[in-house]
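Q: Each chain, written out:
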Amino acid sequence: MNDLMNRRDLLKLAGMGVAVFVSGATMRASGTEQKMNDSFYFVQLSDTHWGFNGPNINPDSRGTLKKAVAAVNSLDAQPDFIVFTGDLTQTTDDPKIRRDRMAEFRDIVSQLKVKAVRFMAGEHDASLDRGEAYQEFFGDLHYTFDHNAIHFIVLDNVSDPMAAVGEKQLRWLQSDLKQLNKDARIVVLTHRPLFDLAPDWDWATRDGAAVIESLLEHQNVTVLYGHIHQEHHHMTGHIAHHAARSLMWALPEPGSVPKKAQIPWNAAEPYRGLGFRNVEAHVPQARYEIEEFPILRG
Amino acid sequence: MKKLVMFLVAATGGYLHQQSVVRSAAGEIRNNEEVIRISASTFEFKPSEITVRKGMPVVLELTSKDRHHGFKLSAFELRVDIKPGVDEKVRFVPDKIGKFTFLCDVFCGDGHEDMSGTIRVIE
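Taken in order, these protein sequences are the chains called A and B.
Quick note, the first sequence lines up with residues 1 to 298 if you use the working numbering.
Quick note, the second sequence lines up with residues 1001 to 1123 if you use the working numbering.
These aren't lab readings, by the way, just hints derived from the structure by calculation.
Careful: at least some of the hints might be erroneous.
In silico DSBU-like pairs for lysine-lysine, Cα to Cα no more than 30 Å straight-line [to be verified]:
#1 B:LYS1065 / A:LYS96
#2 A:LYS115 / A:LYS66
#3 B:LYS1083 / A:LYS113
#4 B:LYS1083 / B:LYS1046
#5 B:LYS1099 / A:LYS259
#6 A:LYS259 / B:LYS1072
#7 A:LYS259 / B:LYS1096
A short, non-exhaustive set of chain B residues, derived as facing chain A with CB atoms under 7 Å [to be verified]:
#8 SER1041
#9 PHE1043
#10 ASP1095
#11 ILE1097
#12 THR1101
#13 ASP1105
#14 GLY1109
It should be emphasised that the depicted structure is a prediction, and the values quoted were computed from it without experimental measurement.
For every residue, glycine included, the Cβ atom is placed at its ideal position computed from N, Cα and C.
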């Protein structure tokens, strides 16, 4: 805990700390044999779109990800692990360029001090070839892992270009959930929103309702995702959904403008709307504190 | 048959379902219908601005020039896949006035996010 306090003090001094969002969840009796005394934190980065080129949107498209890596490395207390919630690369029709971008992305993030890094795909990475190139570089499209008594489920709602999880993966999810106690701590990591945030903007998962219905049987579920390039918080029943900012461009609030469009770069406020987040997990309480951080300059 | 089932599933509930929106087996055009042809290609619909009249039956004839696209008009619970070489006809009767967005909901590449249009329904 001292380490966490030191980290916050450092961030405050650096002028980085912005906001804390607390995901409400009630104390539950321990339902697992794994240790539940720990608080720990991990970092979520999202929508890096490596390979994007648009000077009026982000004139530092070749530098923003590197700055984010440096910012994470500069944290006084390093996270237990780091997750990238999709759209690692900008899409392309050319399979060779797609792989080149993935290789470059992988080289850049290999500079992270923390080597425990979890990846997932976005539609830009995986929709045009059903995840073929992505799997060559980053492994499975859906999987689980456990950390300090929290069960993390990575869901793929992008390798199907129709933005569906699909029956096969849904059955896999339901089978995985059956093995867990009803009060297990569960964090779902995915790219698209699982609920209909803005279907007219393609901000939805076609069969997301079925996924949520399966998850609702468990008491402590939180979803972290990307895709919408902004911080956003929403509840479906007792499940909290938190969207992360992008590391390439920002998008307007859902439904706030007639047509969705990238927000142009503002030289007076460079990197505005971009950033990453720390997620501090208080395991016994099944509570998560989210701190949003902007991109550092220079 | 498979396509018809999928379409009806997508159109469950609401006005469209009540009005028995169907795709005619032969795809023939009925006398009182306004036919609007829309072509999809990376990354645009042509035309992207359409005006129709409230209460007048409309047939959207959808074609793709290059790859698999989708057409989604959620305000009227319409969606259909558009694939090269397959002409799709979608019927509906606009029952409300306003400006409504349609979009490609099958990820089709760099520019997919911009592939949308609007249908304006007037009196």
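Q: Please write out, lowest number first, the hints stated earlier that are contradicted by the structure.
A: Hints 3, 8, 9, 10, 11 not satisfied by this model.
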